[in-house]
Amino acid sequence: MILADAINLVLAEYPGMKAIGAAESADAWIIGLDFASSTDDHPVPGTPSAAVEKTSGVLHDLIPGTEDLWHYMTGAKKVTIPRI
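All the letters of the sequence shown, read from the start, carry residue numbers 0 to 83 under numbering that gives the first Met the number 0.
The hints are simulated quantities; they were obtained by calculation from the structure and are not laboratory data.
Everything numeric in this text was worked out from a predicted model, so none of it was measured.
Glycine included, every Cβ here is placed at the ideal spot set by N, Cα and C.
Careful, some of the hints might be misleading.
[What the hints assert, rightly or not] List time: in silico DSS-like cross-link candidates among lysine-lysine, alpha-carbon distance up to 30 Å:
1. Lys17 with Lys53
2. Lys53 with Lys77
3. Lys17 with Lys76
[Stated by the list, open to error] Computed Cβ-Cβ distance ranges for the label pairs, DEER-style:
4. His41 with Pro81: 19 to 25 Å
5. Glu66 with Ser36: 16 to 22 Å
6. Thr73 with Gly15: 25 to 31 Å
7. Thr38 with Gly64: 19 to 25 Å
8. Trp69 with Gly15: 17 to 23 Å
9. Ala35 with Thr79: 17 to 23 Å
Make a model of the complete structure from these sequences and hints.
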């Protein structure tokens, strides 16, 4: 799965949000979100982030303190968000 497809999956799950950041780990794309109406350069604290597995497309909410957060964020590298 390419990053643009992962972003579309996350945005379908979170209506009213926009992708503001992305990272790539060994097995997932990580998408940071903010409110679609936001004009600030930084997200409101507490807005969601999600990981999308590259092979299956399964979405995981990245919540502080959870195993998913540690699994997918470990070793992740920031990537540029494509225009979609």
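Here is how each hint holds up against the structure:
no., hint, in the structure
1, Lys17 with Lys53, "holds, 20 Å"
2, Lys53 with Lys77, "holds, 16 Å"
3, Lys17 with Lys76, "holds, 20 Å"
4, His41 with Pro81: 19 to 25 Å, "holds, 21 Å"
5, Glu66 with Ser36: 16 to 22 Å, "violated, 33 Å"
6, Thr73 with Gly15: 25 to 31 Å, "holds, 30 Å"
7, Thr38 with Gly64: 19 to 25 Å, "violated, 31 Å"
8, Trp69 with Gly15: 17 to 23 Å, "violated, 28 Å"
9, Ala35 with Thr79: 17 to 23 Å, "holds, 20 Å"
Checked against the numbered hints above, the structure breaks hints 5, 7 and 8 and satisfies the rest.
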